[in-house]
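Asker: Sequence:
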Amino acid sequence: MINNYFLLPSDIKVADKSNLENNKILLRYNNNLNFSLVYLCVLDSKKKVKFLEKIDLPDNNKKLKNLKLKYSNLDKRLKNLCYSKNVKPDLFKGNAPKLMGILNVTKDSFYDGGRYFDTKKAIKQAYNLIQEGADIIDIGGESTRPGASLVPQKEEVSRILPVIKELCKNNIKVSCDTRNSETMKIVLDEGVQMINDVSGLRYDENTLAVIKEYNCYYALMHSIESPPTMQINPKYENVIEDLYSFFLKKISLIEEKGLNRSKIIIDPGIGFGKNDIHNFQILKYFSIFLDLGLPILIGLSRKSFIGRFIKNEHVDRLPSSLALAVDVFLKGASFIRVHDVKGTKNAIDIFKKANC
Numbered sequence: 189m190i191n192n193y194f195l196l197p198s199d200i201k202v203a204d205k206s207n208l209e210n211n212k213i214l215l216r217y218n219n220n221l222n223f224s225l226v227y228l229c230v231l232d233s234k235k236k237v238k239f240l241e242k243i244d245l246p247d248n249n250k251k252l253k254n255l256k257l258k259y260s261n262l263d264k265r266l267k268n269l270c271y272s273k274n275v276k277p278d279l280f281k282g283n284a285p286k287l288m289g290i291l292n293v294t295k296d297s298f299y300d301g302g303r304y305f306d307t308k309k310a311i312k313q314a315y316n317l318i319q320e321g322a323d324i325i326d327i328g329g330e331s332t333r334p335g336a337s338l339v340p341q342k343e344e345v346s347r348i349l350p351v352i353k354e355l356c357k358n359n360i361k362v363s364c365d366t367r368n369s370e371t372m373k374i375v376l377d378e379g380v381q382m383i384n385d386v387s388g389l390r391y392d393e394n395t396l397a398v399i400k401e402y403n404c405y406y407a408l409m410h411s412i413e414s415p416p417t418m419q420i421n422p423k424y425e426n427v428i429e430d431l432y433s434f435f436l437k438k439i440s441l442i443e444e445k446g447l448n449r450s451k452i453i454i455d456p457g458i459g460f461g462k463n464d465i466h467n468f469q470i471l472k473y474f475s476i477f478l479d480l481g482l483p484i485l486i487g488l489s490r491k492s493f494i495g496r497f498i499k500n501e502h503v504d505r506l507p508s509s510l511a512l513a514v515d516v517f518l519k520g521a522s523f524i525r526v527h528d529v530k531g532t533k534n535a536i537d538i539f540k541k542a543n544c
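Basically this note's numbering = 1-based index in the sequence shown + 188.
Derived from the structure by calculation, the hints contain no laboratory data.
Only a predicted model underlies this, so the values are computations on that prediction, with no experimental measurement involved.
Be careful, since some hints might not be right.
Cβ-Cβ distance ranges computed for the label pairs, FRET-style [to be verified]:
1) Val503 x Phe239: 43 to 51 Å
2) Glu343 x Asn283: 35 to 43 Å
3) Ser337 x Ser272: 17 to 25 Å
4) Lys308 x Asn191: 48 to 56 Å
5) Pro340 x Glu393: 33 to 41 Å
With a straight-line Cα cutoff of 30 Å, these simulated DSS-like cross-link-like pairs (lysine-lysine) come out [to be verified]:
6) Lys236 x Lys499
7) Lys499 x Lys267
8) Lys295 x Lys540
9) Lys423 x Lys499
10) Lys258 x Lys212
11) Lys530 x Lys267
12) Lys308 x Lys373
13) Lys264 x Lys242
14) Lys342 x Lys295
15) Lys264 x Lys236
16) Lys256 x Lys242
17) Lys253 x Lys491
18) Lys491 x Lys533
For each residue, glycine too, the CB sits at the ideal point set by N, CA and C.
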């Protein structure tokens with residue numbers, strides 16, 4: 189049996205649920221999208237993605253039955269791609285993708301550092317993001333941009349706690365961008381629903397115990413280094429294979445610790461320990477990660493690789509950010525983390541309207 193292979197959903201389109209075609213299947217964590225084709229892929233000797241088989245779905249023909257005998261867990265992994273009413277937790281009610289409005293209560297975040305460091309300004313911005321259409325507010329008190337310095341845990345809490353208290357008491361869905369387990373406990377006690385951990389479980393050994401205790405949603409981001417050093421010559425044999433293996437190992441660890449799989453979200457970590465080639469490879473093959481059977485969160489908004497691609501670091505990166513948001517939506521993203529909620533929502537909504 190062959191174990192090392194990938195499934196890449198293709199022919200993904202906006203689903204017209206009023207007239208859903210019989211040969212289309214809804215994506216597992218984005219029921220605005222359907223698909224009817226999956227490519228079975230491997231890495232060749234040069235570590236390039238190679239397409240081996242095309243699988244038409246739904247399909248019970250002899251070819252697929254033979255493939256299931258040849259490739260281990262193929263049936264399970266195909267099911268991981270498909271929508272089921274039994275796998276939709278509360279946070280996923282309604283349409284996907286969910287937009288996470290970024291709120292950095294920091295002095296040094298790469299885009300808006302210092303703009304919302306004042307508590308009153310931060311709270312006002314949070315409500316602005318909700319009014320623009322944010323489903324969740326992702327609050328952070330420590331910048332994790334490349335080269336960022338460590339913020340003491342108590343200072344991190346002092347920055348974000350007043351804002352979190354205000355939002356949670358008004359029943360606003362809040363995610364906390366932190367890698368500190370003590371910070372996690374404090375904000376979860378206030379009603380935060382998701383922990384967004386950019387460390388990839390490398391920073392704090394008590395993280396999983398806290399996540400298990402509170403049974404909250406947990407976003408696991410791929411990360412191989414800390415912010416001060418993560419962009420110093422990052423290397424991978426094949427970035428897709430390395431990320432996929434990383435997630436398999438971490439998911440296995442999380443499940444071994446007895447955590448609720450339905451509360452796990454994965455994030456490929458664009459710009460975190462990746463160069464521009466790595467970032468675009470992840471975007472090209474983004475849908476490969478869907479066969480892990482977990483919702484995917486991605487943050488692309490205004491990141492530096494966009495500026496380098498358009499060959500002008502100082503040009504507004506919003507148009508390119510919106511284009512990428514639509515791209516990852518169409519590839520199955522469940523959560524998109526953005527600075528510009530209104531623009532992103534409008535871009536995705538008009539794309540849906542034009543394609544259903």
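Asker: Are the hints correct? Go through all of them and say.
Answerer: Now the hints, each set against the structure:
Checked against the hint of 43 to 51 Å, the C-beta distance between valine 503 and phenylalanine 239 comes to roughly 36 Å, which is inconsistent with it. About 38 Å separates the C-beta atoms of glutamate 343 and asparagine 283, a value consistent with the hinted range of 35 to 43 Å. For serine 337 and serine 272, the hinted distance range of 17 to 25 Å is not satisfied, since their beta carbons lie about 44 Å from each other. Checked against the hint of 48 to 56 Å, the C-beta distance between lysine 308 and asparagine 191 comes to roughly 55 Å, which is consistent with it.
Evaluation of the 33 to 41 Å hint for proline 340 and glutamate 393 yields a failure: the beta carbon distance comes to about 19 Å. For the hint pairing lysine 236 with lysine 499, the CA-to-CA distance comes to about 27 Å; that is within 30 Å, so the pair holds. Simply put, lysine 499 and lysine 267 have alpha-carbon atoms about 42 Å apart, too far for the 30 Å limit, and the pair is violated. Taken as a hint, the lysine 295 and lysine 540 pair is broken in the structure, with Cα atoms around 37 Å apart against an allowance of 30 Å.
Our distance criterion of 30 Å between C-alpha atoms is met by lysine 423 and lysine 499, whose separation comes to about 23 Å. Distance hint between lysine 258 and lysine 212 is fulfilled; the C-alpha atoms sit about 25 Å from each other, no more than 30 Å. A hinted pair counts as satisfied when its Cα atoms are at most 30 Å apart, and lysine 530 with lysine 267 does not qualify at roughly 34 Å. For the hint linking lysine 308 to lysine 373, the alpha-carbon distance of about 24 Å falls within 30 Å, and the restraint holds.
About 17 Å separates the Cα atoms of lysine 264 and lysine 242, which keeps this hinted pair within 30 Å; it holds. As the CA atoms of lysine 342 and lysine 295 are separated by approximately 16 Å, the hinted pair is consistent with the 30 Å bound. Taking the CA atoms of lysine 264 and lysine 236, the gap is near 25 Å; set against the 30 Å cutoff, the hint holds. Straight-line distance between C-alpha atoms of lysine 256 and lysine 242 comes to about 13 Å, which keeps the hinted pair within the 30 Å bound.
Between lysine 253 and lysine 491 the CA atoms are separated by roughly 44 Å; this puts the pair beyond 30 Å, and the hint is violated. For the proposed pair lysine 491 and lysine 533, the alpha carbon gap of about 18 Å is at most 30 Å, so the pair holds.
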